[in-house]
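Assemble the whole structure, with the sequences as input and the hints as a guide.
Per the working numbering, the very first residue in the sequence shown carries number 1; after that it's consecutive.
For the record, the hints were derived by calculation from the structure and aren't laboratory data.
What you are looking at is a predicted structure, and each value in this text was computed from that prediction instead of being measured.
Backbone N, C-alpha and C fix where the C-beta goes; we use that ideal spot for every residue, glycine too.
Honestly, I wouldn't trust all of these hints.
[Said to hold, decoys possible] Cβ-Cβ distance ranges computed for the label pairs, FRET-style:
(1) Glu-18 - Ile-49: 18 to 24 angstroms
(2) Lys-36 - Arg-8: 40 to 46 angstroms
(3) Lys-13 - Gly-52: 18 to 24 angstroms
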Amino acid sequence: MGAEEIIRAIFPKIIYYELIFNMLGEAATTRITKTKDAEGFEENKIAAIQGGEVSR
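Written out as C-alpha cells, the structure is:
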C-alpha cells in the first residue's frame with residue numbers, strides 16, 4: 001500500500017473524528033456558558049477556552 005492509498009483511506013476518518021470533537025467542544029462550551037451564566041466578552045471567552053479543553 002503506497003502513501004497515497006494510505007492517505008485516501010485515513011483522511012475521511014480524520015475528518016469524521018474532527019467533526020465529533022468539534023461538536024463535543026461546542027456542546028461543552030454551551031453548557032459551561034449557561035451553567036456559569038456568562039455575560040460579556042471576557043466571561044464567554046473563558047467559557048470557550050474551558051469548552052475547548054474538554055474536547056482535547
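Evaluation of the provided hints:
Taken as a hint, the range 18 to 24 angstroms holds for the pair Glu-18 and Ile-49, whose Cβ atoms sit roughly 19 angstroms apart. Take Lys-36 and Arg-8: their Cβ atoms lie about 43 angstroms apart, and the range 40 to 46 angstroms holds. At about 22 angstroms, the CB distance of Lys-13 to Gly-52 agrees with the hint of 18 to 24 angstroms.
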